[in-house]
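Please model the complete structure; the sequences and the hints are all you need to start from.
Chains as they are written, first to last, in the numbering used here: chain A, 660 to 1099; chain B, 660 to 1099; chain C, 285 to 779; chain D, 285 to 779.
Keep in mind that the hints are not guaranteed to be accurate.
Quick list of in silico lysine-lysine cross-link-like pairs, BS3-like style, CA-CA up to 25 Å [stated by the list, open to error]: (1) B:Lys-830 x D:Lys-595; (2) B:Lys-830 x B:Lys-979; (3) C:Lys-291 x D:Lys-482; (4) A:Lys-830 x A:Lys-1022; (5) C:Lys-482 x A:Lys-979; (6) D:Lys-753 x D:Lys-286; (7) B:Lys-979 x D:Lys-482; (8) C:Lys-753 x C:Lys-286; (9) C:Lys-286 x D:Lys-710; (10) C:Lys-710 x A:Lys-979; (11) C:Lys-710 x D:Lys-286; (12) B:Lys-979 x D:Lys-753.
Worth flagging that the hints you see were computed from the coordinates, not collected in a lab.
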Amino acid sequence: MSYLALTDADREAMLETIGVSSIDELFADLPAGVRFSRELDLPPALTEQELTAYFEQLASENEPAAAAISFLGAGMYDHYVPAVADAVLQRGELLTAYTPYQPELSQGVLQAIFEYQTAICELTGMDVSNASGYDGTTVAADACYIAKHATGRGKVVVTEATSPQVRQVVKTYAPGFGLEVVEVPHRDGATDPDELRAAAADAACAIFQHPNFFGVLEPAPELAAAAADAEALPVAHVDPLSLGVLEAPGRYGCAIAIGEGQPAGNHVSYGGPHYGFLAARAEFIRRMPGRIVGETTDVAGNRGYVLTLQTREQHIRREKATSNITTNQTLLSLAGLVYLSWLGPQGLRDVGETCMALAEHAKERLGLPLVFSDRTTFKEFAVRVGRPADEVVRDALAHGVHPGYALGRDYPGMDDVLLVAVTEKRTPDDIDRLAEVLTG
Amino acid sequence: MSYLALTDADREAMLETIGVSSIDELFADLPAGVRFSRELDLPPALTEQELTAYFEQLASENEPAAAAISFLGAGMYDHYVPAVADAVLQRGELLTAYTPYQPELSQGVLQAIFEYQTAICELTGMDVSNASGYDGTTVAADACYIAKHATGRGKVVVTEATSPQVRQVVKTYAPGFGLEVVEVPHRDGATDPDELRAAAADAACAIFQHPNFFGVLEPAPELAAAAADAEALPVAHVDPLSLGVLEAPGRYGCAIAIGEGQPAGNHVSYGGPHYGFLAARAEFIRRMPGRIVGETTDVAGNRGYVLTLQTREQHIRREKATSNITTNQTLLSLAGLVYLSWLGPQGLRDVGETCMALAEHAKERLGLPLVFSDRTTFKEFAVRVGRPADEVVRDALAHGVHPGYALGRDYPGMDDVLLVAVTEKRTPDDIDRLAEVLTG
Amino acid sequence: MKLIYEKSHPGRRAGRLLSLGLPVPGVPAELCRTEPPRLPEIAEPDLLRHFTELSTRNFGVDTGFYPLGSCTMKHNPRVNERLAALPGFRDLHPLEDEDRAQGALRLCIELQEALAEVTGLAAVSLQPAAGSQGELTGLMLMHAYFADRGEDERRRKIVIPDTAHGTNPASVTMTGYELTHVQTDARGNIDVDDLRAKVDEETAGLMLTNPSTLGLFDENIEEIERIFHGAGALMYYDGANLNAVCGISRPGDMGFDIVHINLHKTFSQPHGGGGPGGGPIAVAERLEPFLPAPAIVRDGERYRLDFDRPKTIGKVRGYYGPFGVFVRSYAFIRAYGPQLREMSEAAVLNANYLLARLRDAYDLPFDRLCMHEFVLSARGLKREHGATAFDVAKRLMDYGFHPPTVYFPLIVPEALMIEPTETEAKETLDAFADAMLAIAAEAAERPEELHEAPHRTPVGRLDEVKAAKRAIVRYHFEEHPDLAAEPAAAGVESA
Amino acid sequence: MKLIYEKSHPGRRAGRLLSLGLPVPGVPAELCRTEPPRLPEIAEPDLLRHFTELSTRNFGVDTGFYPLGSCTMKHNPRVNERLAALPGFRDLHPLEDEDRAQGALRLCIELQEALAEVTGLAAVSLQPAAGSQGELTGLMLMHAYFADRGEDERRRKIVIPDTAHGTNPASVTMTGYELTHVQTDARGNIDVDDLRAKVDEETAGLMLTNPSTLGLFDENIEEIERIFHGAGALMYYDGANLNAVCGISRPGDMGFDIVHINLHKTFSQPHGGGGPGGGPIAVAERLEPFLPAPAIVRDGERYRLDFDRPKTIGKVRGYYGPFGVFVRSYAFIRAYGPQLREMSEAAVLNANYLLARLRDAYDLPFDRLCMHEFVLSARGLKREHGATAFDVAKRLMDYGFHPPTVYFPLIVPEALMIEPTETEAKETLDAFADAMLAIAAEAAERPEELHEAPHRTPVGRLDEVKAAKRAIVRYHFEEHPDLAAEPAAAGVESA
Ligand SMILES: Cc1ncc(COP(=O)(O)O)c(C=O)c1O
Ligand SMILES: Cc1ncc(COP(=O)(O)O)c(C=O)c1O
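See below:
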């Protein structure tokens, strides 16, 4: 195999040093009953050239975003990823390093994570961020675990207008945490603070997505206040690209801010890998799950960075750890850092405003009935298409346009509703084309 | 502009330090008559996202090799380029460095060139190689310039079976060198040593391609001997990928070996950039054009590498230099080094044998009349298609196959001849498909 | 070096957007951003230099030998990066119509089938994002399985050996189970007598790494299987060490019911300085109905997502798992094919060779042949010269090597856990062995060399106690403290 | 570090080929390879590490400030790399049917048009591979043009100023012309009186870099134009310094008939450690018929190659030029559009700022505002402290900067030719200026610091004389000499 370096001569010499006469002898400790006697039933080994041909074949059996003008979002978005982000991720010293357990050889990754944590704190208005969670769904479960231990309460509240992916994952984790999950229905596309307040009574936390799954701006400050009234931790699930335009959750009373990092610097990649971010107020720092990088100095007084507060973690605290996570999504969060640094504060605002402007333009251009007509939306909106939305999708695809997501898949009674996402990569021409296909 | 760092504040401060009040003042030395008063008539600036969209559009208006099963070669070949070669070329420290004038900061590039020179010497059986020439055509002109000064003669010989691209470039350069160019016709696809000997009388050098443009193996040792008899320098133009199978030119009396490096590690890229290699016997070392890296030691006795024998070069020798070249093709020759190291001696042989075997298989499978039926060929061969070959190409393309090169473009009387190239990337299935399209 | 925020200048930027001149809709005042986030303001040239410089201050497998035990730091083929970046994979939306994602679904299914074959189990879910999440998922499956049989109330206990990785007990707690600890015997196997006494009808299952974190294959595995299955309990295989046994011994054949696979270890997904990873789980037939939804299934010539899974535990992660990781790991598997066995054989050969070269200079807690990794102890060096495993690790950096894992597993004092992987050449192993021997000698002659190590790294030994005490976990701009001005903390805590 | 050949082990390899089991045809014995080439035998993991380590021993623009005069070492945007790698460009065969290469041909034509606009000339050929080849091509055009007018026999002389880059005279010789040298006046312009005396009916043309290699714009350019065109001669513009004047002054408007453009300088093709480059030439109407064939032309909506060029000088390079370079440079041009002027303004501002900060510490041969670069002299340092330009250059490395170009142009003793380019930030310029000032101070206080520099590089000052004397230009395997065992040579020759 081309990935192996040992020659027959090497093998001979090594076996001799070890003092055995064959490689089989090295496996002497394996009971006969558990030895695998036949050859693995796998397709024959491929050369790099064959590998390339086969995978190019598989890739060609998919229709990437570019294959159609795509307005599909619903949680994963076709935002522009700058070349510099991809280039940085291919630097071997970063790409092929493990978690930075040995700080003196890992200052590059450690400083990058510290810079990432700073960026997330700045975006969310929080005091502390971890080095990343798996994705935008599992960080919601993480938030519940923090809240459970912080409040000792046995229930969590999630708004129905929060991404179905997120709600499903929370429900999967909750029993193990000893938590019950309560959903608060949306009213005309947004959440009613009073309903949330009522539901949040003796809840550990209340999670709401903002902008929510329908693209609608929630009355976020009121929702946070309502949760706080019930002494449940207010948790906002936010789109990082909205935070140049929308207020930082930390500024309207949230205890924890979480979100899916993909829109900021990651390719959609059929759903992963991406990064989930999780930031909180200082009081929760010792309950944070996962890696956290802290600043310190070396023996000579030089500034340096290390993994810190490790007594929270599984490798020290074991069954009392704040989480079991070890491997996280550092490389993807690095892409996030590069992307956010590439944009800067003004660029972040520009992206948000461009998406909003294009989405608003699309609403008008389409002229289809808006499902939540008197709500403000960010980059996504729901329209009625007068017949089953999945049929509309299929027909539009035949014309080279992916018009969006059929909401009926997650929300009963919305079979005729299409969720249309408009990123800065869509042009007014694209929108005209969408209008032709949907209405023309 | 996103590539510029200066802010307005920076500009102010800098102008003040300079002691001028505006940027215009910096151009005070320009006579009014030569100032450009209007705005450049160029399309408006594009953002990176727009740039990507526009160039993807342009790229989509081409049909790359993969768009058809391609048997097109004739000088540029669709060989497999390993991922590791592309990855190494994207290392910023190598990609964005200039010619290594300052060796202490350039050991990476210098050692790589030294390793490349060694690989070229090993392939060709020569004593010295330069750091690269522009491509496989200009190195032929370089060889003529060496030969002219080495022999003082006023004429060069090139075989007609040498690539038309190479011959054209030699003819363009020759007058400036004070050289006349004589071509030796091919006989049934190969060159007659006696004809070459006769033509080479008082010639500075005799250049022959082997395998030649028709893919045919020349009687290389005899051609070299014939040139030597006439005291003309024998110059072989070789395919690097043939040298695992075919003898090294240095072993059969050539004074100089040259070639196009593209097949070894470069993508076809519509004809460039690639690297031309040029290697010679030791006696010509001080006549070599271009950069040469040599080994030395530093003040502490550590091994190191530097640009050497610079007294040959234009920046020192000026009008007496052995060449005017400065910028060469280092990055592409680095790809060559990575590729050859990736293959190793056995891999190089395997590539050559695989191409030969597939080409032979294709001859049989096609069953079309071979133009040079009793010649041995390497990876390319000429067949008669019974009607204008360019029509055959057009028709085959309609069936998703590019069957080869219409030789009539360069050789009168060969309008019905197709030059078919078979690399290791073509499969027996591809060949069956070619057969169907051409004969079925 | 400076933080990117310290290089920031108002008004600079790299990325720009086209201004379309379309009206920007108003946002209700109470929702508007009041103060912009202080993201870096930097032009592209300096942006690129910043991250390039950061990379030069980091050590990866591309840099050199990285024998970090339990992490399987093997070569990451660049072709896998090229393949994962193909637009057909990279730009495919997870909610894309199934008919338009057949290649991706097919890749997932072929990977599932390959993992089922390698583990010797019936069904696979690719959803878990990493090994730790595989563990959570596996334990959730145990709940679901026993709930389905009405035994979940009763079976509250999970047995874990004292050699287990910290994620195991943490996962147990996070899924609401209780821990039962079992000891290790004199040969490094699970103490079977201790085990018998602790497994009963309240036991839900076992979590075991085999070969263990000691790098030893448990010789009693068949007896262990009888004990657990005899008690109606399930067996979970922590696949972190699968690199030792591909094609040689299969967890399913050992009797395990649930296995997680760390794609970023055995199957070469680059670890990226901390992730991404992939933690697919393979399970026995009887657990298949409970796997996360959606399942990815074959349907004749077609491939589709099956959401109709009445008994599923639900979703553990968004969509179908880290697809880009699947591309790389499946490419890696296809490059070996049935010769995956050669991969594991080379990994075990390399480990035993290093062990043979080092066994006399360091303490060997369990004197056996090892599998793909082994654990030494610096106990002797510490007792005689005051040189700890931590010192040895730091000193290795001066020799140009990444240190092994230290102080794990916990049952071995001053542990040095060494995993060379299969992709290292003999001369690399020899150079490392020579360094380890030289360091052992230095410990005797000039131990301060070790205490003060490393000497040739971008920064010296770092004060981890100060970091934890001050908890400066973000840049504070104008208010950022100057830690250099503050006294060093109590002394350096071990990693 | 070791050479890759020193890491080679018989039997190792990285790349493998599928064996198809097809018969391999025999090769006539006298043509068969007798001994295999001793290429490296190395597995992929060590192959990748070798080249990664090499890269860490090299300095690029990505590493830091690179003010190498005359080379325009500006930021190389990564998006250009991404675009050049698009399969539609990267895998397109140059002999592909024109209808199947319309995007590539269109790109070439749009680039030609952009270059024509920037240079103010009528027609462009993209064929030359670099500036030097652009020069050859330009001089061949002069021959063809005059031959066409029956003047080629007579017009044998090319005028070149003493500030010219070495390629200029070398190109003159290689095209069979004779050299006429002209001097520089007290302000750094061409000495017009000297020029008048030397230009006559035997003069074929002038080769001039403007701004000159002194970084000065020739104030007499209009008079120069009258002299040459008055004598019926042609004017060639060496475009190496075009970065100074884009959108500000056009060679065509200055009267030049032929211009080469270094795409790897002004238009940001990464220099790759020595290449590739691109050296398109732009010419006036009257020279268009002689341009290399094929021409790339618009034909209504279609783009094609025009081989029917009866007066062409022929081909100077294979196919149509270095296409991949065109992709990068055209992308760079489109990123600026008409704001290319801002690029040149920033380049000139940066240079003048540095000049202002350094003029008191070093000698300034011509006291004028500079354009995009400037030339200082270490004459004073040498006279007073024995510190040469070479010493200053080596010492700069210890401060983390790439040195400027030294000992060029030849008319300035101890020349330091400094070109910051437009992409550097003010604080970078300040840091460099501080270093230059510190070094000037060191020269006075402890000159040995400079003589012994560099101190912080992978290798120390290298013995270039030994390299030239021994001429070890390849690895010799078993017979490779040990140069360390040999005495140092006469002393270090200056670069
Ligand atoms: C033995 C063992 N178990 C579990 C894990 C957790 O796996 P992951 O890091 O993929 O979550 C690891 C690796 O950290 C490990 O070494
Ligand atoms: C002034 C000048 N002229 C000509 C050249 C030659 O250009 P190239 O290196 O592209 O051949 C250079 C660069 O080396 C130069 O600086």
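Holds or violated: Lys-979 of chain B with Lys-753 of chain D, Cα cutoff 25 Å? Within the cut-off at roughly 20 Å; holds.
Hinted pair Lys-830 of chain B and Lys-979 of chain B, Cα distance within 25 Å: Distance ~22 Å between Lys-830 of chain B and Lys-979 of chain B Cα, so the pair holds.
Run the distance test for Lys-710 of chain C versus Lys-979 of chain A: straight-line Cα separation, threshold 25 Å. violated, 42 Å
Are the Cα atoms of Lys-830 of chain A and Lys-1022 of chain A separated by 25 Å or less? violated, 34 Å
Take the C-alpha atoms of Lys-710 of chain C and Lys-286 of chain D, compute the straight-line distance between them, and say whether it is at most 25 Å. Between Lys-710 of chain C and Lys-286 of chain D the Cα gap is close to 16 Å, so the pair holds against 25 Å.
Pair hint Lys-830 of chain B and Lys-595 of chain D, alpha-carbon separation not exceeding 25 Å: holds, 14 Å
Sort out whether Lys-482 of chain D lies within 25 Å of Lys-291 of chain C, counting only the CA atoms. violated, 54 Å
Sort out whether Lys-710 of chain D lies within 25 Å of Lys-286 of chain C, counting only the CA atoms. The hint holds at about 16 Å.
Measure nothing beyond the straight line between the CA atoms of Lys-979 of chain B and Lys-482 of chain D; if it is 25 Å or shorter, mark the hint as holding. This hinted pair holds, its Cα atoms lying about 22 Å apart.
Measure nothing beyond the straight line between the CA atoms of Lys-482 of chain C and Lys-979 of chain A; if it is 25 Å or shorter, mark the hint as holding. holds, 22 Å
Hey, Lys-753 of chain C versus Lys-286 of chain C, does the alpha-carbon distance stay inside 25 Å? holds, 23 Å
Agreement of Lys-753 of chain D and Lys-286 of chain D with the hint, judged by alpha carbon distance not exceeding 25 Å: holds, 23 Å
When held up to the earlier numbered hints, the structure conflicts with 3, 4, 10 and fits the remainder.
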